[in-house]
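Next come the chains, spelled out residue by residue.
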Amino acid sequence: MIILLWVVLTPLALGLLAIGLRLLNAVVRGYIEGSRADPHAARAAARVAALSLLDAERQHTELAAPLPPAVAVALAAAPAGDWEPAADLLDATAAARDWERRTFLCEQLADLAADDDTWLRAWEESRPGDPGAALVRARGTVFLAWKVRGAKRAAATTEEQFEGFHRTLTRSREEHLRAVALAPVDDPSPYVGEIWTAIGLGLPHDEMRRLWREITDRAPHHYEATFSALQYWCGKWCGSAESARAFAVRAAAGAPPGSLMTAFPLIAHYEHDESDSTDVDRTPEMFAAVDAALADVAAADPGHPRLAEVRHLLAYYLYLQNRWDEALEQFRLLDGYVGAVPWRYKGDPAAEFCRMRDESARYATPGAREAS
Amino acid sequence: MGATLRALRALVLIAGFHLLGLVLLCALGAVDWAAYRWAPAGWALKFYVVSFLLAVPVVRGMLLLRTPRDEEVAGIPVTDADEPRLWAAVRELAERVGTRGPDEIRLTADMNAAVTEEARLLGLIGGTRRLYLGLPLVAGLSDAQLRAVLAHELGHYGNSDTRLTGITERCRVHVARTVDRFEEKSGQTIAKERARQERKSAKRVAKGKSAREVDTTGVGFTYRAMARIYTAYGRFCMRATQSGSRRQELAADLGAARIAGRDATASALRALPVLDSAHEFYLSSYATLGVEFGMLPPRGEVFGGVRRLLDARAEELAGLWEALPDEPASPYDSHPPTAERVAVLEALTDDGRGAEEARPAFGLFTSPEAVLIDVEEATLAPEALLMRRLDWPDLVHEAMTARYVQDAEPVREALGPAAADAEPAALLRDFLDAVDAGTAWDVVGRLPRSDEAAAATGRAAREFARSSLRRELARLTTAVLAADGRARWQLSWSDPASLHLPDGYAAALPAALDAAITDRPDTEPLRKLLAG
Numbered sequence: 001m002i003i004l005l006w007v008v009l010t011p012l013a014l015g016l017l018a019i020g021l022r023l024l025n026a027v028v029r030g031y032i033e034g035s036r037a038d039p040h041a042a043r044a045a046a047r048v049a050a051l052s053l054l055d056a057e058r059q060h061t062e063l064a065a066p067l068p069p070a071v072a073v074a075l076a077a078a079p080a081g082d083w084e085p086a087a088d089l090l091d092a093t094a095a096a097r098d099w100e101r102r103t104f105l106c107e108q109l110a111d112l113a114a115d116d117d118t119w120l121r122a123w124e125e126s127r128p129g130d131p132g133a134a135l136v137r138a139r140g141t142v143f144l145a146w147k148v149r150g151a152k153r154a155a156a157t158t159e160e161q162f163e164g165f166h167r168t169l170t171r172s173r174e175e176h177l178r179a180v181a182l183a184p185v186d187d188p189s190p191y192v193g194e195i196w197t198a199i200g201l202g203l204p205h206d207e208m209r210r211l212w213r214e215i216t217d218r219a220p221h222h223y224e225a226t227f228s229a230l231q232y233w234c235g236k237w238c239g240s241a242e243s244a245r246a247f248a249v250r251a252a253a254g255a256p257p258g259s260l261m262t263a264f265p266l267i268a269h270y271e272h273d274e275s276d277s278t279d280v281d282r283t284p285e286m287f288a289a290v291d292a293a294l295a296d297v298a299a300a301d302p303g304h305p306r307l308a309e310v311r312h313l314l315a316y317y318l319y320l321q322n323r324w325d326e327a328l329e330q331f332r333l334l335d336g337y338v339g340a341v342p343w344r345y346k347g348d349p350a351a352e353f354c355r356m357r358d359e360s361a362r363y364a365t366p367g368a369r370e371a372s
Numbered sequence: 001m002g003a004t005l006r007a008l009r010a011l012v013l014i015a016g017f018h019l020l021g022l023v024l025l026c027a028l029g030a031v032d033w034a035a036y037r038w039a040p041a042g043w044a045l046k047f048y049v050v051s052f053l054l055a056v057p058v059v060r061g062m063l064l065l066r067t068p069r070d071e072e073v074a075g076i077p078v079t080d081a082d083e084p085r086l087w088a089a090v091r092e093l094a095e096r097v098g099t100r101g102p103d104e105i106r107l108t109a110d111m112n113a114a115v116t117e118e119a120r121l122l123g124l125i126g127g128t129r130r131l132y133l134g135l136p137l138v139a140g141l142s143d144a145q146l147r148a149v150l151a152h153e154l155g156h157y158g159n160s161d162t163r164l165t166g167i168t169e170r171c172r173v174h175v176a177r178t179v180d181r182f183e184e185k186s187g188q189t190i191a192k193e194r195a196r197q198e199r200k201s202a203k204r205v206a207k208g209k210s211a212r213e214v215d216t217t218g219v220g221f222t223y224r225a226m227a228r229i230y231t232a233y234g235r236f237c238m239r240a241t242q243s244g245s246r247r248q249e250l251a252a253d254l255g256a257a258r259i260a261g262r263d264a265t266a267s268a269l270r271a272l273p274v275l276d277s278a279h280e281f282y283l284s285s286y287a288t289l290g291v292e293f294g295m296l297p298p299r300g301e302v303f304g305g306v307r308r309l310l311d312a313r314a315e316e317l318a319g320l321w322e323a324l325p326d327e328p329a330s331p332y333d334s335h336p337p338t339a340e341r342v343a344v345l346e347a348l349t350d351d352g353r354g355a356e357e358a359r360p361a362f363g364l365f366t367s368p369e370a371v372l373i374d375v376e377e378a379t380l381a382p383e384a385l386l387m388r389r390l391d392w393p394d395l396v397h398e399a400m401t402a403r404y405v406q407d408a409e410p411v412r413e414a415l416g417p418a419a420a421d422a423e424p425a426a427l428l429r430d431f432l433d434a435v436d437a438g439t440a441w442d443v444v445g446r447l448p449r450s451d452e453a454a455a456a457t458g459r460a461a462r463e464f465a466r467s468s469l470r471r472e473l474a475r476l477t478t479a480v481l482a483a484d485g486r487a488r489w490q491l492s493w494s495d496p497a498s499l500h501l502p503d504g505y506a507a508a509l510p511a512a513l514d515a516a517i518t519d520r521p522d523t524e525p526l527r528k529l530l531a532g
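These protein sequences, in sequence, are chains A and B. Count the first sequence with the UniProt record's numbering and you get residues 1 to 372, in order. Count the second sequence with the UniProt record's numbering and you get residues 1 to 532, in order.
Worth flagging that the hints you see were computed from the coordinates, not collected in a lab. Keep in mind it's a predicted model, so treat the numbers as computed, not measured. Hints are supplied without guarantee of correctness; some may be wrong.
Simulated coverage check for chain A against chain B, where a stretch passes if three residues somewhere in it have a Cβ under 8 angstroms from a Cβ of chain B [to be verified]:
1) 147-158
2) 161-168
Here are a few chain A residues that sit away from chain B, every Cβ distance over 12 angstroms (derived from the structure) [as the list claims (entries may be wrong)]:
3) Ala56
4) Glu125
5) Gly254
6) Ser275
7) Gly303
8) Asn322
We put the CB at the ideal spot given by N, CA and C, even for glycine.
The task is simple: from the sequences and hints, build the whole structure.
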């Protein structure tokens, strides 16, 4: 009987002991945290809260900035089968010779078409030979190829994924040719999509130079074309750190203010930055590059479809350079949208954006904040 | 540490083993006594039974006073009359090492050589000495290298005092066997428990209740716990004797270098790990390529074929010699890291014997082919001996073809019952009909998919299905072309087997496959190629 008593009592006693220890632990931790609480930190937190910035969960991770209302309507209507607003918008960009908007819209539509192209087929059938539909078709196939490949590094990508990627991209080559044939003579848009085919298939440098000539003959400072070409010249695709830097510096050098070409030296730096410290981001050259981009942004058309992308980049580098006031200014203009470089490359883009934003807000001088 | 001290330590260790057994028996007895005193009779009975079961392996371990006989390694004994040159060489080596030659030489199918001795009376009296010599090892070494390996192995018996290491060895063997016995028991117990639960579960299902997960955690725990105690002791023994045994290995290496030459010994050491992995690769990729389909290479080639691989890949393998493992295989390995052994040897002054002509070690045999056949017959399983024997090129072609036909099984299943008994050619026709009818996507949907393919949605999912369709069509087409002899799998000893297609097919086939997998498929080109 005694042994039974022990058997029953021992677990009870041990359980009670465990509960007691947990309680004690909680009490001690609470005490330590309480004594650590810093009045400055509390005030800074209150200031951040007063700016009414959005939580990480409320950041839009697909877009760099809100879409113009007409574009939002067209993008919502297309998958439902109503492709005409999109077609009309795309025709309007061609009529206005607004190639920045044309490729921006094409990119958005192509992304939709890569998931489901029923509406695009309807468009193609009712308007055979439509340049806009051909453009979206070709770019959509490129997007589809990247969906098959996945966004992981080559080592983490399976043979099956690569096989599908290459097959789909190879199909896109003919579609690009068709888009070029149908496009207005001075439209660089089809070549922008072709750069991505060149990147994925690893086409030779001469092919890239040919594409680049076709583009610059039509639009010498096209943002998306330059962004795409810079990707081609990056070390992770078909070039090297040197070729990417050289390309970016050349693109920025002759460009008029407001063309946003000054973003590319920063992107080239970001793409090849392997260091763990921020020292490389605080060199005199980097300060100058960020200043140049700030001036470029100030001179740009406020309706430029890529303006927000450059602001994201600026916010990041201003933060790294401890230029809190200027960083916060950019962060406040961007808040709510994080679908851009550099956040797009991070594991949790919204969290990273919010962390840097809040830190900038904490150290920014209150007066400068009001000025923005 | 002198020989006497080493022997003393070994004796202490083995005494410890028996002491451990006694302590465990006492502990079990104490538990029983406690159960007798306090527990209800039913419980006490259970305690008696459990402790008796646990005591059995302990007592058996303690009673094994003799070193257990060698595990019977499958191999054939060769007499002096069979292989006079081999025997002469081994005797000469033994004499130069300063030890007694082996009483038996057994040829085996391993990439290994070893000398064992059935020592008696705590290792004070020597017993039968056996040299186990693996023919694949002979195939991979030069005459001088083989001499170095054998001199090293015999070197362990060079001084009579090393025979006392038999005691250490016995300690290790005792512990290992006792652990094995406990683990075997715990395995049996788990299997029994599983069977019991499954029977119970089957009854539940029969009664219309849901089956319970079979859970065997905890069962066999007592056995495993006992095994753990012995394992811990075994580790202690190993640690205690390790430095000594590593020193002996180095001494045996130096002895081998004196007899067989510095360069031969060092290069043999470098070659052994490389040969080992080459042999494994040979067995899995060549010798047993057709085993699944009941095919083997010609007689004498199952183990002898490794020579062809070693010849064809000599350069590649020589490159691997440079990279030596510089860590011991395990913390309990009795050998120092190979890199260290090679470094010690290569630091010796040049004895000028590196320039001697390298003759293959098989030169020591009267008829290498005959012994290869004999060893094959002695070591292969009876069912393997009944398998069809094919020449290497035919074996590769037939085995690869059979594999491709076999790999088309999922498609056969996915095509439904109509395709159940179809020949590959008919199966491919059915598949192409499905492509034409637009039902191929459903067929592909029933095939096993990769994680990436399963996660894909929308048009990306269709692209993965397209990849799958192309893969299956290509596989089945290859199988059909190879089965009727139009395509042929080519054997290569230096590269993977490659498919040789008839003229024009290599260019036309990819295009025909591409045409069959589009959204508006055209199977005509592929059908024409197959008919052609």
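Consistency of the hints with the structure:
A stretch counts as covered by a chain when three or more of its residues have a beta carbon under 8 angstroms from one of that chain; for the segment 147-158 of chain A and chain B the count is 4, and the coverage holds. Given a C-beta distance limit of less than 8 angstroms, the hint that chain B covers the segment 161-168 of chain A holds, as 5 residues qualify and 3 suffice. Every beta carbon of chain B lies more than 12 angstroms from that of Ala56/A, the smallest distance being close to 25 angstroms; the non-interface claim holds. For Glu125/A, the shortest C-beta to C-beta distance to chain B comes to about 14 angstroms, beyond the 12 angstroms cut-off, and the non-interface label holds.
At roughly 40 angstroms from the closest C-beta of chain B, the C-beta of Gly254/A stays outside 12 angstroms, upholding its exclusion from the interface. The non-interface label for Ser275/A is consistent with chain B: the shortest C-beta to C-beta separation is roughly 32 angstroms, beyond 12 angstroms. Listed as a non-interface residue, Gly303/A keeps its Cβ farther than 12 angstroms from every Cβ of chain B; the least gap is roughly 32 angstroms. Look at Asn322/A: its CB is around 41 angstroms from the nearest CB on chain B, clear of 12 angstroms, so calling it non-interface holds up.
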